[in-house]
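Going down the list, the protein sequences come from chains A and B.
To get my numbering, take the position in the first sequence, counting from 1, and add 1171.
To get my numbering, take the position in the second sequence, counting from 1, and add 7.
In short, the hints are calculated from the structure, not lab data.
Cβ atoms here follow ideal geometry from the backbone N, Cα and C, with glycine treated the same way.
Watch out, some of these pointers could steer you wrong.
[Claimed, not checked] Subject to a maximum C-alpha distance of 20 Å in a straight line, what follows is the list of computed EDC-like cross-link-like pairs (lysine to aspartate or glutamate):
| hint | chain 1 | residue 1 | chain 2 | residue 2 |
| --- | --- | --- | --- | --- |
| 1 | A | K1223 | B | E111 |
| 2 | A | K1223 | A | E1237 |
| 3 | B | K85 | B | D64 |
| 4 | A | K1174 | A | E1202 |
| 5 | B | K18 | B | D64 |
| 6 | A | K1174 | B | E51 |
| 7 | A | K1275 | B | E51 |
| 8 | B | K18 | B | E111 |
| 9 | B | K85 | B | E51 |
| 10 | A | K1174 | A | E1237 |
| 11 | A | K1275 | B | D93 |
| 12 | A | K1240 | A | E1202 |
[Said to hold, decoys possible] Far from chain A, by Cβ distances over 12 Å, these chain B residues were calculated:
| hint | residue |
| --- | --- |
| 13 | K24 |
| 14 | E27 |
| 15 | P68 |
| 16 | H109 |
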Amino acid sequence: DAKTTQPTSMDCAEGRAANLPCNHSTISGNEYVYWYRQIHSQGPQYIIHGLKNNETNEMASLIITEDRKSSTLILPHATLRDTAVYYCIVRGGSGANSKLTFGKGITLSVRP
Amino acid sequence: GAGVSQTPSNKVTEKGKYVELRCDPISGHTALYWYRQSLGQGPEFLIYFQGTGAADDSGLPNDRFFAVRPEGSVSTLKIQRTERGDSAVYLCASSPRTSGAHNEQFFGPGTRLTVL
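Please work from the sequences and hints to get the whole structure.
What follows is the structure, given as structure tokens:
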């Protein structure tokens, strides 16, 4: 699976949009971009995934560049409960049940 | 509904001892994963089961680590001759079998293992 690069940390104000960047310049054509987050002392939680089109669900939006070498996770109205470590993961499309390869993620701190 | 559960939530043991960590996946999920997470790091893959068989055990660090899933549901991660470096949070995840490329993994809260 391709490697991802994320900043170590960022913060944003409550109620504002949080834009979390991720670079995955070596991504191949059949690899998906996944985002998970991990709130302190809990297991990771799935947020969203995409291949090449932008995606949106009730939690977030995922914007993937046309060349697929980078993406941005957008939390439209961050709350204090969104404070967590966010992991950008590139996962092979070779199997529906393939493992997840986590990096260190980006720590998002939402301030009041 | 019930999520993935792991027991115990905390385990303290002495160097050289044997430990077993249990994972109860979501009912009906055929895929089960074990990861471990050291402080300040992301989770690291250990092993993946599809049904009763280990489909990928490439992440097991050495032969002191072993996992079983005899009936295709509950899984046990077994660590022999524990070392201080085994101290970590051990996470279990499960996912349903689908025919598509996407398969969300649902994680349990983890077992915190401390080897003294």
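Checked hints:
1. Between K1223 of chain A and E111 of chain B, the direct Cα distance comes to roughly 18 Å. Compliance with the 20 Å bound is thereby established for this hinted pair.
2. Annotation: proposed proximity of K1223 of chain A to E1237 of chain A holds, straight-line Cα distance about 7 Å (limit 20 Å).
3. For the hint pairing K85 of chain B with D64 of chain B, the CA-to-CA distance comes to about 13 Å; that is within 20 Å, so the pair holds.
4. For the suggested pair K1174 of chain A and E1202 of chain A, the alpha carbons sit about 11 Å apart, so the restraint of at most 20 Å is met.
5. The straight-line distance between the Cα atoms of K18 of chain B and D64 of chain B is roughly 23 Å, outside the 20 Å bound, and the hint therefore fails.
6. For the proposed pair K1174 of chain A and E51 of chain B, the alpha carbon gap of about 14 Å is at most 20 Å, so the pair holds.
7. Restraint check: the Cα-Cα separation between K1275 of chain A and E51 of chain B comes to about 10 Å, which is no more than 20 Å; the hinted pair holds.
8. A threshold of 20 Å between alpha carbons decides the hint, and for K18 of chain B with E111 of chain B the separation of about 28 Å lies outside it, so the pair is violated.
9. Only pairs whose Cα atoms come within 20 Å are accepted, and K85 of chain B paired with E51 of chain B is accepted, the gap being roughly 17 Å.
10. For the given pair, K1174 of chain A sits about 18 Å from E1237 of chain A by alpha-carbon distance, which is consistent with the 20 Å threshold.
11. Restraint check: the Cα-Cα separation between K1275 of chain A and D93 of chain B comes to about 19 Å, which is no more than 20 Å; the hinted pair holds.
12. At roughly 11 Å between alpha-carbon atoms, K1240 of chain A and E1202 of chain A fall within 20 Å of each other, so this suggested pair holds.
13. Against the 12 Å criterion, K24 of chain B stays outside the reach of chain A, whose nearest CB is about 25 Å from its own CB.
14. Distance check for E27 of chain B against chain A: the nearest CB is about 19 Å away, which clears 12 Å, and the non-interface claim stands.
15. Look at P68 of chain B: its CB is around 15 Å from the nearest CB on chain A, clear of 12 Å, so calling it non-interface holds up.
16. A cut-off of 12 Å between C-beta atoms contradicts the statement that H109 of chain B is not in contact with chain A; the least separation is 6 Å.
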